[in-house]
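*Asks:* Residues per chain are reported as follows:
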Amino acid sequence: MKRPVGIVGVGQTHHKSKNTDCNGQELISIAVKRALENAELTMADIDAIVIGNMDHFESINYVDMWSVDGSGGFMKPIMKVTTGGTTGSAIGHAGFYHAASGLFDTVLVIGWEQNSESDTTAAISTCFDPITEREYSAGAIGPLAAQYIAYMSKYGATEEDAALVSVRDHNNAALYNDYAHLRQVIKVEDVMKSAYISYPIKLLDICPRTDGACAVIFASERKAKKITKRPAWILGVGDCHILVHLADGIGLASLPSLEIAARQAYEMAGITDPFNQIDVAELYIPASTAGVAWMEALKLCEEGGGPRLVRSGVTNMGGKLPVNPSGGVLATNPIGATGLLRIGEAALQVMGKAGKKQVAGAQVAVATGFGGCFWSDVTVLSSLSRLD
Amino acid sequence: MEQGKEDLKPLSVAYIADMTYKYHAGHYYSRFLRELRDNRLIAGVKCPKCGKVYVPPRIVCRDCFVRMEEFVPVSQEGTLLAFTVTNFHYIDTTTGEPKKIPFTTAFIKLDGADSNIVHRLDETDEKKIKAGMRLRAVFSNNRTGDYFHDIDHFSIVKDM
Chain W
161 MKRPVGIVGV
171 GQTHHKSKNT
181 DCNGQELISI
191 AVKRALENAE
201 LTMADIDAIV
211 IGNMDHFESI
221 NYVDMWSVDG
231 SGGFMKPIMK
241 VTTGGTTGSA
251 IGHAGFYHAA
261 SGLFDTVLVI
271 GWEQNSESDT
281 TAAISTCFDP
291 ITEREYSAGA
301 IGPLAAQYIA
311 YMSKYGATEE
321 DAALVSVRDH
331 NNAALYNDYA
341 HLRQVIKVED
351 VMKSAYISYP
361 IKLLDICPRT
371 DGACAVIFAS
381 ERKAKKITKR
391 PAWILGVGDC
401 HILVHLADGI
411 GLASLPSLEI
421 AARQAYEMAG
431 ITDPFNQIDV
441 AELYIPASTA
451 GVAWMEALKL
461 CEEGGGPRLV
471 RSGVTNMGGK
481 LPVNPSGGVL
491 ATNPIGATGL
501 LRIGEAALQV
511 MGKAGKKQVA
521 GAQVAVATGF
531 GGCFWSDVTV
541 LSSLSRLD
Chain B
3 MEQGKEDLKP
13 LSVAYIADMT
23 YKYHAGHYYS
33 RFLRELRDNR
43 LIAGVKCPKC
53 GKVYVPPRIV
63 CRDCFVRMEE
73 FVPVSQEGTL
83 LAFTVTNFHY
93 IDTTTGEPKK
103 IPFTTAFIKL
113 DGADSNIVHR
123 LDETDEKKIK
133 AGMRLRAVFS
143 NNRTGDYFHD
153 IDHFSIVKDM
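Those sequence lines, one after another, are chains W and B. Start counting the first sequence at 161; every next residue gets the next number (this note's numbering). Start counting the second sequence at 3; every next residue gets the next number (this note's numbering).
Each hint should be verified, as a subset may be incorrect.
[Claimed, not checked] Below, simulated SDA-like cross-link-like pairs (lysine to any residue); rule was C-alpha separation at most 20 Å, straight line:
id, chain 1, residue 1, chain 2, residue 2
1, B, Lys130, W, Pro360
2, B, Lys129, W, Ser313
3, W, Lys314, B, Ile131
4, W, Lys178, B, Val15
5, B, Lys54, B, Gly114
6, B, Lys132, W, Pro360
7, W, Lys314, B, Glu128
8, B, Lys11, W, Ser219
9, W, Lys480, W, Ala520
10, W, Lys178, W, Ser219
[Said to hold, decoys possible] Label-pair distances were calculated between CB atoms; the ranges are:
id, chain 1, residue 1, chain 2, residue 2, range
11, B, Met21, W, Lys389, 51 to 61 Å
12, B, Lys24, W, Ala355, 33 to 43 Å
13, W, Arg382, B, Phe67, 38 to 48 Å
[Said to hold, decoys possible] Coverage of chain W stretches by chain B, computed from C-beta distances (three or more under 8 Å per stretch; other residues unrestricted):
id, segment
14, 304-314
15, 397-407
Quick caveat, the hints were computed from the structure, so don't treat them as lab data. A virtual CB, placed ideally from N, CA and C, is assigned to each residue, including glycine.
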């Protein structure tokens, strides 16, 4: 039987496109220091560390070892977890598993990336089969673009629907998130006028490449209650790594792995009516198109209902279910940290510590991770230790 | 030493990793590549339990997790499920050179197959491409046992 686990501290760097001010270890140390300050803990309180990134982006093997100067992991157990785009959410779940197992009370989880150190599309493309897929699979963008073609032709969604998601997320980052990488207020016509980089995805539809780090501290129930009055309890997790061959995931208009991961996480958390029970969502939306096409997989709308949901404005700040108050992935994307930022931002929301981004009265939040060959992770967090 | 000069611009150090890999194709891909090269056939493999045909062939059925042994040819024509026209610069990881753009990636379900393949479509004007179109494989005359060379590309079937 698992032990209850809560998040007690979140820290992140000020994200930017090219961080030449510090090296990877120094970047990590900034996020770690801020997470410890946020939880009012010191390194001595940390029992174990989980760290992750896209290790071929920086071409550093054994990141668990190399990062010790920044992570504070000297003479502590450290585990590296790397699962592509889902790395950030997978390390969050691994931190949860550590604390839930009863073997560790306080676990520091670190996601980081210095994207600007290499050609990330080339690096990502190495995840595709070298013999039958890699040649014409352009990083993450090509498959996402192809998927929205399938969604548009099946459900009549439009490029303007995706532009609404882009506007929402960019503007949230600009208005509410001092840590975000891209902070520009944009309009639908700006998105529509931006150049196609991979039809139907345009420049303002796609996530940037970001240098940045995030650290989140998970604690067992006993410890968490001592550390803070209002931890973010992890009520449910779901992970689904579904496909090996990339092409098999394309042409499916939705994202089956997200549907399965969400079902697992909702069931564990006791969520039966996601749209009405969830107060705020921090979703790994790597392209605005996914912000339309994947909503049904999270059961936030009916099949094919993404366009209606986005057009209605309910996912905007002030709406019934704000999505990505932080600006999400379209504004900030240090890949190894991206999924952990979703968990961290969702935790800050239910802890009531989200500052300008705060959704008033948020008690239940959902965070997602996406990557690899259309893989998904889902996390449900709450200020309540159980939903009845 | 430079004490008190921390405001000086930090340095970056270049690292060029020129590494050569040779991927072992294994039993299933080797057979697939030989059929392309020697017989201009696209080979799939059939699950003995559920009957699904996978292209490219692979060892186990993803649903049944049983070993597949029966190779079957599939059609050289199929349906375009989805596509994208890539038009941004990046390094081609198969050569280390800048990728020639634009190019169109096509996700195709070949007739007789239950899984999909990825290949290049020789049309880069997105207005002329629609999901659901019929495509046909165009083979190279000089075939070498390389999937992306022996099938040079796919073309839209015009006589529909």
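*Asks:* Now tell me if each hint is right for this structure.
*Replies:* Comparing the hints with the structure gives:
1. B:Lys130 / W:Pro360: With Cα atoms ~13 Å apart, Lys130 of chain B and Pro360 of chain W stay inside 20 Å; holds.
2. B:Lys129 / W:Ser313: With a Cα-Cα distance of about 14 Å, the restraint between Lys129 of chain B and Ser313 of chain W holds, given a limit of 20 Å.
3. W:Lys314 / B:Ile131: holds (15 Å)
4. W:Lys178 / B:Val15: Answer holds: Lys178 of chain W to Val15 of chain B is near 14 Å, not above 20 Å.
5. B:Lys54 / B:Gly114: holds (9 Å)
6. B:Lys132 / W:Pro360: Measuring from Cα to Cα gives roughly 12 Å; hence the hint holds.
7. W:Lys314 / B:Glu128: With a Cα-Cα distance of about 18 Å, the restraint between Lys314 of chain W and Glu128 of chain B holds, given a limit of 20 Å.
8. B:Lys11 / W:Ser219: violated (24 Å)
9. W:Lys480 / W:Ala520: Holds. Lys480 of chain W to Ala520 of chain W sits at ~11 Å (cutoff 20 Å).
10. W:Lys178 / W:Ser219: Within the cut-off at roughly 17 Å; holds.
11. B:Met21 / W:Lys389: 51 to 61 Å: With a Cβ separation near 52 Å, Met21 of chain B and Lys389 of chain W satisfy 51 to 61 Å, so the hint holds.
12. B:Lys24 / W:Ala355: 33 to 43 Å: Distance hint for Lys24 of chain B, Ala355 of chain W holds at roughly 38 Å.
13. W:Arg382 / B:Phe67: 38 to 48 Å: This hint holds: roughly 41 Å between Cβ atoms.
14. 304-314: holds (count 6)
15. 397-407: With 5 residues closer than 8 Å to chain B, the segment 397-407 of chain W meets the three-residue bar; holds.
Hint compliance for this structure: hint 8 alone is broken.
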